[in-house]
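A.B. asks: Given the sequences, and given the hints that come with them, work out the whole structure.
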Amino acid sequence: MDFLQALYLGILQGLTEFLPISSSAHLILVPAFFDWVDQGVAFDLAVHVGTLLAVVTYFRKDVSGIARDGLISMGQRRVVGQGALALYLVIGTIPAGLAGLALLDVIDNELRAAEIIFATTLFFGLLLGVADWMPKRRRTMDSLNWKDALLVGIAQAIALVPGTSRSGITITAGLFLGMSRETASRFSFLLAIPITALASAVKLLEVAAADMAVDWSAFLVGGVVSFLVAITAIHFFLKWLNKVGMWPYVIYRVILAGVIFAVLM
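For the sequence shown, the working numbering gives the first residue as 1, with consecutive numbering after it.
None of these hints come from the bench; they were simulated from the model. Treat the numbers as computed from the prediction; the structure is a model and nothing was measured. Check each hint, because a few of them may be wrong.
Computed cross-link-like contacts, DSSO-like style, restricted to lysine-lysine with a CA-CA straight-line distance of at most 27 Å [stated by the list, open to error]:
1. K239 - K136
2. K243 - K61
3. K136 - K147
4. K203 - K147
5. K61 - K239
6. K136 - K243
C.D. replies: If you want it as structure tokens, here you go:
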């Protein structure tokens, strides 16, 4: 992998991981468009670690508070501070964790086809638009319960199918449950931390088990660039959320689906 490919893919991962437009689809489609050699598991690990560090850094105060209150709540066997939110993040992670373990080979080998990415990009993009039109979206983080966490977690499990978008479908689920845009997005981003950590651990085990050579220069470029771009993308997405809503991303997904259909199908 040359420097420019590592740079472009790092930018791509950082930009698309937390926007509702599917990072997995872009990481599959862009190399296909440009006839690049597959970037490999080691590079995927680098950019996932980069985006994981970005969301942890951006929400560092929330993360430290949730982790602290969660541990205190466990020790005292009662809810303390944000202890309930810590539990909801665990509940929301379980469906995707189980689905990933059970279906990883199927996802990697059978669900990366252009036809599937076209369908998921279009369908879940339009579904995001419908959810954004829903009235009475006023629920805050304080109103969440375990049922909300489970439903959003099931949505996150569906996002294992390429083209769906983890952030897109979890925000969609939150909006349908009556959450405000800010609440749905914030919960989605916090929920990204445990599942991305698990995905990175799985990829690390793959790299270690395969005893494969690692292109450390590409690894470093991809990781650092994905971190910088992701933390910027999170900031501006949250800043512009009330001004622009979700429809710019819906329109982008419809156009992307059209490009996939025209070029790859």
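A.B. asks: Give a verdict on every hint.
C.D. replies: Cross-check of the supplied hints:
Of the pairs offered as hints, the one joining K239 and K136 holds, with about 21 Å between alpha carbons and a cut-off of 27 Å not exceeded. For the proposed pair K243 and K61, the alpha carbon gap of about 25 Å is at most 27 Å, so the pair holds. A distance of roughly 19 Å separates the Cα atoms of K136 and K147; the hinted pair therefore holds under the 27 Å criterion. Proximity of K203 to K147 is assessed by CA-CA distance (about 30 Å); at most 27 Å being required, the pair is judged violated.
For the hint linking K61 to K239, the alpha-carbon distance of about 18 Å falls within 27 Å, and the restraint holds. With a C-alpha separation of about 17 Å, the suggested pair K136 and K243 falls inside the 27 Å cut-off, and the hint holds.
In this structure, the one hint that does not hold is number 4.
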